[in-house]
Structures are given as structure tokens and as C-alpha cells.
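Asker: Sequence:
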Amino acid sequence: MFSIIIPLYNKAPYIEKALRSVQAQTFFGLGLV
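Numbering (my numbering), first residue to last: 1 to 33.
No lab work stands behind these hints: they were computed from the structure.
Because the structure is a prediction, the values reported are computed rather than measured.
Hints are supplied without guarantee of correctness; some may be wrong.
[Said to hold, decoys possible] Computed cross-link-like contacts, SDA-like style, restricted to lysine to any residue with a CA-CA straight-line distance of at most 25 angstroms:
1. K17 <-> L30
2. K11 <-> L30
3. K17 <-> F28
4. K11 <-> Q25
5. K11 <-> G31
6. K11 <-> V22
7. K11 <-> A24
8. K17 <-> I4
9. K11 <-> S21
10. K17 <-> P7
11. K17 <-> F2
12. K11 <-> Q23
13. K17 <-> S3
14. K17 <-> G31
15. K17 <-> M1
16. K17 <-> F27
17. K17 <-> I6
18. K17 <-> I5
19. K17 <-> G29
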């Protein structure tokens, strides 16, 4: 398993793009923190 940590504080405009980028990955076994 591979975990991805997305530290975003007061960066609301970037949240959607960051989550879509993670969803677009082809690697299986990802965990999002």
C-alpha cells in the first residue's frame, strides 16, 4: 500500500485539482490521508 498525504491549509482552490490528480493515478493500492 502507498499512502498519499496532501497537506493543504487555506488552499481551497487547489483541493479539487489535487484530489482529481490522485484519482487519475493508475497505481493500485493508494490511500489518501
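Asker: With a cut-off of 25 angstroms on the C-alpha distance, tell me whether K11 and V22 pass.
Answerer: holds, 17 angstroms
Asker: Between K11 and Q25, does the CA-CA distance stay at or below 25 angstroms?
Answerer: Status holds; Cα separation ~22 angstroms.
Asker: Hinted pair, alpha-carbon criterion (25 angstroms max): K11, G31. Please report holds or violated.
Answerer: Holds, at about 21 angstroms.
Asker: Quick one, are K17 and S3 close enough, alpha carbons at most 25 angstroms?
Answerer: Status holds; Cα separation ~18 angstroms.
Asker: Taken at face value, is the distance from the CA of L30 to the CA of K17 at most 25 angstroms?
Answerer: It holds: about 17 angstroms lies between the C-alpha atoms, which stays within 25 angstroms.
Asker: Given the proposed pairing of K17 with P7, does the C-alpha separation stay at or below 25 angstroms?
Answerer: holds, 13 angstroms
Asker: Given the hinted pair K17 and F28, is their alpha-carbon gap at most 25 angstroms?
Answerer: holds, 20 angstroms
Asker: Measure nothing beyond the straight line between the CA atoms of K11 and A24; if it is 25 angstroms or shorter, mark the hint as holding.
Answerer: holds, 20 angstroms
Asker: Taking 25 angstroms as the top limit, are the C-alpha atoms of K17 and I5 close enough?
Answerer: This hinted pair holds, its Cα atoms lying about 14 angstroms apart.
Asker: Is the straight-line distance between the alpha-carbon of K17 and that of G31 25 angstroms or less?
Answerer: holds, 17 angstroms
Asker: Take a quick look at whether K11 and Q23 sit within 25 angstroms of each other, Cα to Cα.
Answerer: holds, 19 angstroms
Asker: Under the criterion that the straight-line Cα-Cα distance not exceed 25 angstroms, is the pair K17, I4 satisfied?
Answerer: The hint holds at about 14 angstroms.
Violated hints for the displayed structure: none, as all numbered hints are satisfied.
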